[in-house]
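Read left to right, the sequence shown gives residues 1 to 690 (UniProt numbering).
Among the clues, some could well be false.
Mimicking DSS-like on lysine-lysine, the simulated pairs with C-alpha atoms at most 25 Å apart in a straight line are [to be verified]: (1) K581 / K609; (2) K559 / K581; (3) K311 / K119; (4) K559 / K498; (5) K194 / K157; (6) K595 / K173; (7) K159 / K173; (8) K631 / K662; (9) K157 / K571; (10) K232 / K207.
Derived from the structure by calculation, the hints contain no laboratory data.
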Amino acid sequence: MSDYLVIVESPAKAKTIGKYLGKKYVVKASMGHVRDLPKSQMGVSVEENFEPRYITIRGKGPVLKELKTAAKKAKRIYLAADPDREGEAIAWHLAHSLNIDEHSDCRVVFNEITKTAIKDAFKHPRPINMDLVDAQQARRILDRLVGYNISPLLWKKVKKGLSAGRVQSVAVKLITDREKEIQAFEPEEYWSIKGQFYLEDELFEAKFHSLNGEKTTLASEEEVNSVLKQLKGDNYKVVNVSKKERKRNPVTPFTTSSLQQEAARKLNFRAKKTMLIAQQLYEGIDLGKQGTVGLITYMRTDSTRISDTAKQETTEYIQSTYGAEYVSQEERKQKQDKKSQDAHEAIRPTSVLQEPKAMKDFLSRDQLRLYRLIWERLVASEMAPAVMDTMSVDLDNNGVLFRANGSKLKFPGFMKVYIEGNDDNKKEEDRLLPALVEGNVVKQDEISPNQHFTQPPPRYTEARLVKTLEELGIGRPSTYAPTLDTIQRRGYVALDEKRFVPTELGEIVLDLIVEFFPEILDVEFTAKMEEDLDSIEDGRDNWIGIIDQFYQSFEKRLKVAEEEMEEVEIKDEPAGEDCEKCGHEMVYKMGRYGKFMACSNFPECRNTKAIVKDIGVSCPTCKEGNIVERKSKKRRIFYGCDRYPECEFVSWDKPIARPCPKCHSLLVEKKSKKEVHVACSSCDYEEEKQ
1 MSDYLVIVES PAKAKTIGKY LGKKYVVKAS MGHVRDLPKS QMGVSVEENF EPRYITIRGK
61 GPVLKELKTA AKKAKRIYLA ADPDREGEAI AWHLAHSLNI DEHSDCRVVF NEITKTAIKD
121 AFKHPRPINM DLVDAQQARR ILDRLVGYNI SPLLWKKVKK GLSAGRVQSV AVKLITDREK
181 EIQAFEPEEY WSIKGQFYLE DELFEAKFHS LNGEKTTLAS EEEVNSVLKQ LKGDNYKVVN
241 VSKKERKRNP VTPFTTSSLQ QEAARKLNFR AKKTMLIAQQ LYEGIDLGKQ GTVGLITYMR
301 TDSTRISDTA KQETTEYIQS TYGAEYVSQE ERKQKQDKKS QDAHEAIRPT SVLQEPKAMK
361 DFLSRDQLRL YRLIWERLVA SEMAPAVMDT MSVDLDNNGV LFRANGSKLK FPGFMKVYIE
421 GNDDNKKEED RLLPALVEGN VVKQDEISPN QHFTQPPPRY TEARLVKTLE ELGIGRPSTY
481 APTLDTIQRR GYVALDEKRF VPTELGEIVL DLIVEFFPEI LDVEFTAKME EDLDSIEDGR
541 DNWIGIIDQF YQSFEKRLKV AEEEMEEVEI KDEPAGEDCE KCGHEMVYKM GRYGKFMACS
601 NFPECRNTKA IVKDIGVSCP TCKEGNIVER KSKKRRIFYG CDRYPECEFV SWDKPIARPC
661 PKCHSLLVEK KSKKEVHVAC SSCDYEEEKQ
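Go ahead and model the full structure; you've got the sequences and the hints to work with.
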């Protein structure tokens with residue numbers, strides 16, 4: 001008989017913890033939940049105070065049997081699932097399945113999987129927190145009531161396989177509303193005037209700022225010409241020089257949301273991928289002689305605070321590595337958002353001494369990249385501010401004022417380690433100005449008027465959508481990644497150049513929900529529901545009352561929808577060509593990955609084809625076909641011959657309909673994050689960058 005049985009969710013976590021606890025402990029994995037609501041039916045009795053009916057999840061029978069056998073041999077059982085609502089619920093379901101008293105000290109929680117944290121956690125076991133369990137149950141039941149009532153309506157009125165959920169519906173609405181803004185946007189013309197000036201041999205840039213003492217916006221070419229006519233000669237007098245020192249503070253350590261956003265910007269990771277890799281780093285990595293070590297703290301959190309121990313270790317590391325001047329000298333109080341639960345620390349390395357460069361041989365490329373991001377963010381958060389010397393100079397010519405701004409990094413501070421990314425991929429650079437003083441006269445080199453048009457708001461990237469959902473209080477750290485995954489799998493939205501666009505199906509479903517269930521799409525209502533779930537977790541509210549309050553109005557709307565919702569026929573759009581197998585017309589269909597072509601004679605003929613776009617370039621290989629735009633299985637655009645598989649020409653770069661002037665081979669567009677330029681696919685010929 002073993003002394004202690006410890007149950008966690010995953011084999012990786014079990015392996016790591018087992019090495020810390022010793023021979024008296026047997027550590028086994030439940031592989032997540034062992035019980036859940038049935039998939040084939042509602043599983044919630046509305047008449048009996050929304051009592052849930054849990055069953056053993058299909059396929060979990062052998063796992064549960066193994067756990068029961070191990071439990072009979074143990075003197076004591078500890079439930080060590082993750083330290084959040086979901087983990088508490090897993091522990092509660094295990095307690096019921098294994099006949100463990102939920103009021104006994106059977107629950108063990110820890111925020112990081114390190115020897116010290118694990119040993120300490122097992123010194124302080126506690127009963128299962130039923131407030132946490134009730135909050136998880138309330139969310140699960142609420143989503144079941146919404147999904148299992150609205151989804152059958154959508155199956156009946158629109159098509160099979162559709163679903164509706166609280167958070168996912170709001171996400172689709174945000175994407176759809178943004179698309180409507182873009183379509184309705186009317187660009188407005190505006191102009192700018194940029195000037196190149198020099199003092200002796202030093203050239204610098206300044207922009208038109210004001211006219212006759214008043215800041216002026218230029219709306220037309222006529223207004224630009226009027227300004228240019230007022231200029232007299234090439235001499236400009238320096239009428240004002242302003243020098244300041246500006247400090248820039250570091251950002252806080254990562255929350256779940258900010259990690260997903262930054263990993264999307266800097267590493268090009270989808271939210272789902274970020275969370276998967278973070279889970280691996282949390283559960284433990286084999287570091288050779290050190291054994292298996294959890295490299296980061298728990299990755300589902302909305303807190304930015306770190307422990308005193310971590311703070312001290314990080315400060316000492318900064319001082320020894322970069323010098324005392326790089327250590328932050330001010331006590332920064334982390335401002336927690338009012339929506340933040342602050343249940344755990346921020347996401348940070350379990351030890352700052354585990355430097356990324358030392359992890360290279362033990363981590364995969366993606367694991368190392370994400371770990372480095374988390375490590376650098378923590379170190380930077382405890383460093384001194386960066387100091388910039390800024391300079392602003394006003395140049396006057398007959399009442400026409402140009403302004404030049406310059407800055408120079410005086411002291412890098414935290415920027416020596418880490419600079420936060422942004423959605424526009426803009427890099428900060430020193431913009432140096434000559435040593436100008438009031439009274440100097442500078443010469444005009446060139447004046448360039450430029451026409452511009454205002455741009456529509458950008459479509460949502462994953463990072464922008466996560467940030468917006470968080471700001472609105474929609475969802476919680478654990479919900480963002482699965483929400484984005486669900487709306488894509490259902491075909492409600494698609495990604496176009498890494499930005500979300502609504503599909504026709506998504507717009508149809510959204511319109512029906514707007515008409516019959518407006519509260520589900522109401523941002524304030526959904527955010528209030530999240531607050532109610534938090535109040536259940538805090539023990540301030542009863543979960544049955546919260547759900548009953550929601551269901552009373554929801555049930556009335558449901559009855560109206562069942563009677564009044566009309567069937568929507570999604571007609572197949574003709575594709576303009578016939579099926580090469582049976583001769584019937586090909587039509588456009590909507591699938592999981594967007595539109596595709598299929599035979600209208602389905603199911604007799606099951607011919608399908610990807611939609612391809614002819615780019616107007618002849619195939620350089622076979623000389624007979626045309627180059628078309630295609631998409632890979634991972635939704636990446638590439639270019640190939642329309643005679644494939646007879647001709648196997650393929651290119652990731654977009655071909656251009658003119659030959660290389662140097663070797664007469666194919667010219668292609670080369671793209672990077674910052675620019676597009678034309679280059680030869682065979683020789684070293686390149687054209688000027690756009």
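Hints that the structure is at odds with (numbers, increasing): 2, 4, 5, 8
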